[in-house]
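Peer 1: As a plain string of letters, each chain reads:
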Amino acid sequence: MLRYILKRLLHGLITVWFIATATFIAMHAVPGDPLSGEKAMTPEIRRNLEAKYGLDKPVVEQYRIFLVNMAKGDFGISYTQQNREVNDIIREGFPVSATLGILAVVFAALGGILLGALTATYRNRLPDVVIMFLVILGISVPSFVFAALGQLALVKINAWTGFTLFPVAGWGTVMHMVVPSLVLGLGTMAYLTRLMRSSMLEVTNTDYVRTARSKGLPPARIFLKHQLRNAILPVVTVLGPAIAAITTGGFVVELVFAIPGLGRYFVQAVQQLDYTVIMGTTVFYGAFLVLMVIVVDIVYGLIDPRVRLKA
Amino acid sequence: MSEREVVLEVADLKVEFDTYGGIVHAVRGVSFQVRQGETLAIVGESGCGKSVTLQSIMGLIPMPPGRITSGSAVYRGQDLIHNKYIDGRDIRGSAIGMVFQDPMTSLNPTMTIGDQIAETLQVHRGFSKSQALARAVELIAMVRIPDAAKRASQYPFEFSGGMLQRSMIAMSLACEPSILIADEPTTALDVTIQAQILDLLMDLQKEKGMAIVLITHDLGVVARMADDVMVMYAGEVVESGSIDDVFYRGAHPYTMGLRAAMPSRELGARQRLTPIDGSPPDLFSPPSGCGYFARCPQAMRMCQAQHPYLMSVGKAHHSRCWLQHPDSTRQVPGLSIPHLGAAAVQS
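Protein chains in written order, with my numbering: chain P, 1 to 311; chain Y, 312 to 658.
Among the clues, some could well be false.
[Said to hold, decoys possible] Below 25 Å or equal to it, Euclidean Cα-Cα: the simulated SDA-like pairs (lysine to any residue) are:
(1) P:Lys225 <-> Y:Glu469
(2) Y:Lys395 <-> P:Pro219
(3) P:Lys225 <-> Y:Ser439
(4) P:Lys225 <-> Y:Ala445
(5) Y:Lys440 <-> P:Phe223
(6) Y:Lys395 <-> P:Ala220
(7) P:Lys225 <-> Y:Thr421
(8) Y:Lys461 <-> P:Arg308
(9) P:Lys225 <-> Y:Pro420
(10) P:Lys225 <-> Y:Ala459
(11) P:Lys225 <-> Y:Asp413
(12) Y:Lys461 <-> P:Leu2
(13) P:Lys156 <-> P:Trp171
(14) Y:Lys395 <-> P:Leu224
(15) Y:Lys461 <-> P:Val307
(16) Y:Lys461 <-> P:Pro218
(17) Y:Lys395 <-> P:Phe223
(18) P:Lys225 <-> Y:Gln433
(19) P:Lys225 <-> Y:Gln442
(20) P:Lys225 <-> Y:Lys440
(21) Y:Lys395 <-> P:Val68
(22) P:Lys225 <-> Y:Glu487
(23) P:Lys225 <-> Y:Ser383
(24) P:Lys225 <-> Y:Ser471
(25) Y:Lys461 <-> P:Arg3
(26) Y:Lys395 <-> P:Pro218
(27) P:Lys225 <-> Y:Lys395
(28) Y:Lys395 <-> P:Thr206
Treat the hints as calculated values from the structure; they're not laboratory data.
Only chain P is shown next, with the shape it has when bound in the complex (with noise of 0.2 Å):
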């Protein structure tokens, strides 16, 4: 287990290096750069400037210096912001946004493990019909839709009754948390309600769930023991990709929301081209992401001794 714990973080280390290069080679491929955007200057300041960040060397000198500092953990300062360091932004916005995920993940995932194993009981049923066809809306209509009418919901029933529960906007308190995290994660709610109710189904009609059943066992048990555990798997299989799905659609709703998260430096950064932001930013999320697949995969050796005594 140990073994393969380490060979997937070194699989994990090998794709952030990828993401790094692929951002950089991106960036340094969109016409201008951090300076293009400043009021006119003359050709000697621009010089001045350029020497004095390093823009004046080669691309594959930049490359290799970007490299190197990433390498010690200091993704450099800022060029739009003044004297802001890109670890300051990551490390003031990163756990509002964290939280705001892991908080959209868990309640999708709690979400879509339930629903779907309500729908699949209740096959063909009025549940069933009912919260299907809630599912295709989770998935067709785009979270920042969901985010504007959530928001809009909020401010018809605070001022309906009078005072505020759930705040429109900004961030704090557990609270501000609900609304936001509930509507970014229901998009992929639904899709995982779809997947656990069809392998809940496909579980029903496994030969060991008609054994467990000619054992007598009570249906609570059967349900717990033998059908959720094996139902979940695939659940567990597609969480990595709905983590990234996830973080990645938290943007939209933090502007939304007002929530001060790494979103709102990322979106600003790619817009002004601030080369080391967008690197540290992209980086940083990349090496996230990595860590919860990584993570995921080792839950799902947890659950499954298949994969964890194989392996």
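Fit chain Y to the given chain P structure using the hints.
Peer 2: For chain Y alone, kept in the frame of chain P given last:
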């Protein structure tokens, strides 16, 4: 044959399934008895309703689309069709154990073998987890799996097919049931393992005195194991009796056909198999006459029109064939097929 206590009595069981094509009449009035310590073999080709019969008694067919439309199954005075509980305890797993055809898929892949065996004891006997696990190890040793303690903590994918089937048997016998239903227990295993599993079942039967209901289409297995045989065709019992009655004094053309289809050893590789031509009737709309009419070499005109009933042809020997009617003038041919004696002893 000594008359032992009847532990399970099934009468006029009828099972239907709703499908998109219509209603399938899978079991059409099956009756039989299972006696303490004896083995009843239920034979017949695929789709004849032998598994459905037992699974419906055990409440294992999905309902809907399945449906038991009539009949009763009485275990020691208690009807099992409507109530599977005696003193609040499920008779499944405690009074009646079941072993299935494919051991590779019949065990939960994410639970250890020990846990799966122990589970039955925890539920039915109220054992604590550690008590149950200790007993599970004993049971694994009982079915002759070496290194039982280590094996108990392993998962099904670490076992071979034969060992999995032994584990299934250990699991079904954990609560010492009085009936063991074995649904084609050796079909998925290779021949040498088959023999070991059958020996194991016979030894355990001797030891525990349980009744076995053996569902199979392998007449060799029947010859080796059974006291009584019940031949099913198109959802009905067509012949039933002791093994000697059915094997040596067969009284139904379908039984004859099955026996003739069995390869014998002395004819060797040049022997041509004798199949039964045709295929079973459509169970969406079962024929009004005899189900075997279309394939029967001895078919008479009345067989198409009149549905035969089970006629007594000897002590506890019945045949659903008009040839056995007292008014029938024709004799059943083929009462002695030369290689049969050898076939019965064969495996």
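Peer 1: Each hint should be assessed against the structure and marked as holding or not.
Peer 2: Now for the hints, and whether the structure bears them out:
1. P:Lys225 <-> Y:Glu469: holds (20 Å)
2. Y:Lys395 <-> P:Pro219: Status holds; Cα separation ~13 Å.
3. P:Lys225 <-> Y:Ser439: With a Cα-Cα distance of about 17 Å, the restraint between Lys225 (chain P) and Ser439 (chain Y) holds, given a limit of 25 Å.
4. P:Lys225 <-> Y:Ala445: With a Cα-Cα distance of about 20 Å, the restraint between Lys225 (chain P) and Ala445 (chain Y) holds, given a limit of 25 Å.
5. Y:Lys440 <-> P:Phe223: OK: Lys440 (chain Y) and Phe223 (chain P) at ~19 Å, within 25 Å.
6. Y:Lys395 <-> P:Ala220: holds (17 Å)
7. P:Lys225 <-> Y:Thr421: Given that 25 Å is the threshold and the Cα spacing comes to 9 Å, the pair holds.
8. Y:Lys461 <-> P:Arg308: Satisfied, since the Cα-Cα distance of roughly 18 Å is no more than 25 Å.
9. P:Lys225 <-> Y:Pro420: Since the Cα atoms of Lys225 (chain P) and Pro420 (chain Y) sit roughly 11 Å apart, the hinted pair holds (cutoff 25 Å).
10. P:Lys225 <-> Y:Ala459: holds (23 Å)
11. P:Lys225 <-> Y:Asp413: OK: Lys225 (chain P) and Asp413 (chain Y) at ~21 Å, within 25 Å.
12. Y:Lys461 <-> P:Leu2: holds (22 Å)
13. P:Lys156 <-> P:Trp171: Given that 25 Å is the threshold and the Cα spacing comes to 20 Å, the pair holds.
14. Y:Lys395 <-> P:Leu224: holds (21 Å)
15. Y:Lys461 <-> P:Val307: Given pair Lys461 (chain Y), Val307 (chain P) holds - Cα atoms ~20 Å apart, limit 25 Å.
16. Y:Lys461 <-> P:Pro218: violated (28 Å)
17. Y:Lys395 <-> P:Phe223: Holds. Lys395 (chain Y) to Phe223 (chain P) sits at ~19 Å (cutoff 25 Å).
18. P:Lys225 <-> Y:Gln433: Distance of about 14 Å is within 25 Å: holds.
19. P:Lys225 <-> Y:Gln442: Since the Cα atoms of Lys225 (chain P) and Gln442 (chain Y) sit roughly 19 Å apart, the hinted pair holds (cutoff 25 Å).
20. P:Lys225 <-> Y:Lys440: holds (15 Å)
21. Y:Lys395 <-> P:Val68: Roughly 72 Å between the alpha carbons, so the hint for Lys395 (chain Y) and Val68 (chain P) is violated.
22. P:Lys225 <-> Y:Glu487: Answer holds: Lys225 (chain P) to Glu487 (chain Y) is near 23 Å, not above 25 Å.
23. P:Lys225 <-> Y:Ser383: violated (32 Å)
24. P:Lys225 <-> Y:Ser471: Within the cut-off at roughly 23 Å; holds.
25. Y:Lys461 <-> P:Arg3: holds (24 Å)
26. Y:Lys395 <-> P:Pro218: holds (12 Å)
27. P:Lys225 <-> Y:Lys395: holds (22 Å)
28. Y:Lys395 <-> P:Thr206: With Cα atoms ~22 Å apart, Lys395 (chain Y) and Thr206 (chain P) stay inside 25 Å; holds.
Hint check: violations occur at hints 16, 21 and 23; the rest are consistent with the structure.
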